Amino acid sequence: MVTMTLPDWLASCRDLMRGKAGPAQQQAVLRQLVWPLLGILLFLLLWHWAARNIQTSLGQFPGPATVWEQTQALYQEHREARQREVAFHERQEKYIETRLAQQPDWQPVRRDYTGAPTFFDQIGTSLITVMSGFLLASALAIPLGIVVGLSAGLHAAVNPLIQIFKPVSPLAWLPLVTMVVSAVYTSGDPWIAKSFLNSMFTVTLCCLWPTLLNTAVGVTSVSSDLINVSRVLRLNAFEHVRRIVLPSALPMMFTGLRLSLGVAWMVLIAAEMLAQNPGLGKFVWDEFQNGSSQSLGRIMVAVLVIGLIGFLLDRLMLALQRFLVWDKSAARR
Amino acid sequence: MTALLELSNVGMAFDTPTGRFEALKDVNLKIAAGEFVSLIGHSGCGKSTVLNIVAGLLRATDGGVILDRREVSEPGPERAVVFQNHSLLPWLTAFENVELAVRQVFRKQKSKKEMRDWVAHNLELVHMGHAMDKTPREISGGMKQRVGIARALAMQPRVLLMDEPFGALDALTRAHLQDSLMAIHAQLGTTVIMITHDVDEAVLLSDRIMMMSNGPSATIGEVLPVTLPRPRDRVALADDPGYHRCRQKVLRFLYEKQRKVTPLSGRQEPAPSCLTGTDAPPRGRG
Numbered sequence: 002m003v004t005m006t007l008p009d010w011l012a013s014c015r016d017l018m019r020g021k022a023g024p025a026q027q028q029a030v031l032r033q034l035v036w037p038l039l040g041i042l043l044f045l046l047l048w049h050w051a052a053r054n055i056q057t058s059l060g061q062f063p064g065p066a067t068v069w070e071q072t073q074a075l076y077q078e079h080r081e082a083r084q085r086e087v088a089f090h091e092r093q094e095k096y097i098e099t100r101l102a103q104q105p106d107w108q109p110v111r112r113d114y115t116g117a118p119t120f121f122d123q124i125g126t127s128l129i130t131v132m133s134g135f136l137l138a139s140a141l142a143i144p145l146g147i148v149v150g151l152s153a154g155l156h157a158a159v160n161p162l163i164q165i166f167k168p169v170s171p172l173a174w175l176p177l178v179t180m181v182v183s184a185v186y187t188s189g190d191p192w193i194a195k196s197f198l199n200s201m202f203t204v205t206l207c208c209l210w211p212t213l214l215n216t217a218v219g220v221t222s223v224s225s226d227l228i229n230v231s232r233v234l235r236l237n238a239f240e241h242v243r244r245i246v247l248p249s250a251l252p253m254m255f256t257g258l259r260l261s262l263g264v265a266w267m268v269l270i271a272a273e274m275l276a277q278n279p280g281l282g283k284f285v286w287d288e289f290q291n292g293s294s295q296s297l298g299r300i301m302v303a304v305l306v307i308g309l310i311g312f313l314l315d316r317l318m319l320a321l322q323r324f325l326v327w328d329k330s331a332a333r334r
Numbered sequence: 020m021t022a023l024l025e026l027s028n029v030g031m032a033f034d035t036p037t038g039r040f041e042a043l044k045d046v047n048l049k050i051a052a053g054e055f056v057s058l059i060g061h062s063g064c065g066k067s068t069v070l071n072i073v074a075g076l077l078r079a080t081d082g083g084v085i086l087d088r089r090e091v092s093e094p095g096p097e098r099a100v101v102f103q104n105h106s107l108l109p110w111l112t113a114f115e116n117v118e119l120a121v122r123q124v125f126r127k128q129k130s131k132k133e134m135r136d137w138v139a140h141n142l143e144l145v146h147m148g149h150a151m152d153k154t155p156r157e158i159s160g161g162m163k164q165r166v167g168i169a170r171a172l173a174m175q176p177r178v179l180l181m182d183e184p185f186g187a188l189d190a191l192t193r194a195h196l197q198d199s200l201m202a203i204h205a206q207l208g209t210t211v212i213m214i215t216h217d218v219d220e221a222v223l224l225s226d227r228i229m230m231m232s233n234g235p236s237a238t239i240g241e242v243l244p245v246t247l248p249r250p251r252d253r254v255a256l257a258d259d260p261g262y263h264r265c266r267q268k269v270l271r272f273l274y275e276k277q278r279k280v281t282p283l284s285g286r287q288e289p290a291p292s293c294l295t296g297t298d299a300p301p302r303g304r305g
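Same order as they appear, the protein sequences are chains R and Y.
Positions 2 to 334 (this note's numbering) are the ones given, in order, by the first sequence.
Positions 20 to 305 (this note's numbering) are the ones given, in order, by the second sequence.
Since the hints were made in silico from the structure, they are not lab data.
Given the structure is predicted, the values throughout are model-derived calculations rather than measurements.
Each hint should be verified, as a subset may be incorrect.
[Stated by the list, open to error] Which chain R residues stay away from chain Y? Per the calculated CB distances, all over 10 Å, these: (1) G40; (2) Q73; (3) P168.
[To be verified] Across the chosen pairs, the derived CB separations fall in these ranges: (4) R:F44 / Y:K131: 24 to 34 Å; (5) R:G23 / Y:A190: 13 to 23 Å; (6) Y:P235 / R:A157: 56 to 66 Å; (7) R:A157 / Y:G148: 40 to 50 Å; (8) Y:H149 / R:M18: 50 to 60 Å; (9) R:L317 / Y:K131: 49 to 59 Å; (10) Y:E275 / R:A157: 31 to 41 Å; (11) Y:K131 / R:L305: 36 to 46 Å.
We treat Cβ as the ideally placed atom computed from N, Cα and C, and that holds for glycine.
If we strip away everything but chain R, and leave its shape as in the complex, we get:
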């Protein structure tokens, strides 16, 4: 039962343009489009004014205009890097070809391009890392949450541990994770980069808890009437979980998943900064250490991109929730 619907504000605009907008639609356009745009505009003006009045050792604090310039510059750098990469591979192929022509029994060795990652590469790295860490955490937290929610004894046993580990900062986990990964994952030619594993496990450790807690709460708050239905029907344990518990707990579970993904994204940036692991965090840290006159502008670009991606990730989860969860009202929050 999937229907494609326009976002609310777009639908309202469509009605407005078709001339069939009543006062309700006008209100909606005002609330969903005009006020938010005004808010953003006001923020840009304030930012512009404030930036002009802040002088740092790296020059003036970047205003909106500077940030826009730097965004373009970063994009330009990315394109140039790609062109260099393409050129590198072309050169390599050409070299192999000519060498093979002279020396047919030679075994060609193809090397990867080793240019520095661009801003956009770092975004990609961060996204892959955060999703890996989040998926691993979800794969652990959801089943555990269901089991904990079903058994009062287990809940009592696990609850103190959850409460203690939940508030731990990623920065505290990071050294431990790093040491354990180095100790356990000892391959000379690692298939997966250690830095990636470090970031991923740190993210996992920090974003387990909201999903775990909310799933457990969702499972414990299954209506006793529905449990009685399940008993009268003599559903076995597996069917009981599949037919009654999971659908009941799904709205709460998604609340947890959304919180977890938010935590995961925040934790990842911090972990990348601290550990110098590839990603947006490293980009910010490198620019800070670099200390050129453009650095602050470029950091500001990263800050905005981090915020935007966090927002989009949350929207993604919301869309998934609307698609999967029967209780549509829960997804409006």
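Since the structure of chain R is already known, use the hints to place chain Y on it.
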């Protein structure tokens, strides 16, 4: 008369922080196949506890329940329950709700098509054929209760247990559903135990009315056979002296012999139904 269902010396006690609370004592009841029996009493007297014991959702602390010469020890579809607040799975359509029960009961006996037809047949029986693909939140309270009845009937229970099935409905909807229930009972000959606190409903529907005394240690105080001929028509009965005699007897029992004295101030006896945990209001789902 050979009893299909027999409750002998059923007693129920709950351990509470303030000591042992005896909710039911020596409840004896024999019900023949095809009989329609209602349990009536003041709220908190333990009607629901009796029903939950028959359903197997609660274990009696004394005595026992025998259905078809077998002791009841756990819930099962041969004692289908129509719950007070419908208890439909909100994420399934009316059809899927009934289908879940049918699949569970007839998995080994019916083919897929037969099961689908059986689901549809039961929904038609309660006049819900037109709204099979609606989810519970898209239909009214009366319609939800109809689907709940269809789900219970579809299990082909030996005894149909109804826990104040129409308590939450408005008077007109309730009358409609009562008429439907009478028609279904006449057609299928199902054995029914129904809890109610509506005197008219009890007299209209029942072959016998079990009147329960107030707790603690509640039990069946009096039994009133209702011999009014079937099919019964609510409008015709309004002028029937026999109907009024029955009504009066129940009213006398409830409001003279078992008058519930509730102090206006001060502490109230905890209602046993609050202790069973089975009919506590559903907790919110955050």
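For the hint 40 to 50 Å, verify it against the beta carbon of A157 of chain R and that of G148 of chain Y. The hint (40 to 50 Å, Cβ to Cβ) holds, given that A157 of chain R and G148 of chain Y are roughly 48 Å apart.
Regarding the assertion that P168 of chain R does not contact chain Y, is the least Cβ-Cβ distance greater than 10 Å? At about 21 Å from chain Y, P168 of chain R clears the 10 Å cut-off, so the statement holds.
So the hint says 31 to 41 Å: do the beta-carbon atoms of E275 of chain Y and A157 of chain R match that? At 50 Å between Cβs, range violated.
Given the hint of 36 to 46 Å, check if K131 of chain Y and L305 of chain R actually sit that far apart at their C-beta atoms. Violated, at about 56 Å.
CB-CB spacing for K131 of chain Y and L317 of chain R relative to the 49 to 59 Å hint: violated (37 Å)
No chain Y beta carbon within 10 Å of G40 of chain R's: holds (30 Å)
Given the range 24 to 34 Å, decide if the beta-carbon distance of F44 of chain R to K131 of chain Y lies inside it. violated (60 Å)
Once the closest CB in chain Y is found, is it more than 10 Å from Q73 of chain R? holds (45 Å)
Assessment of proposed distance window 50 to 60 Å (beta carbons of H149 of chain Y, M18 of chain R): violated (39 Å)
With respect to the beta-carbon atoms only, verify the hint that G23 of chain R and A190 of chain Y lie 13 to 23 Å apart. violated (38 Å)
Whether the CB-CB distance between P235 of chain Y and A157 of chain R falls inside 56 to 66 Å: violated (32 Å)
Violated hints, in rising order: 4, 5, 6, 8, 9, 10, 11; the structure is consistent with all others.
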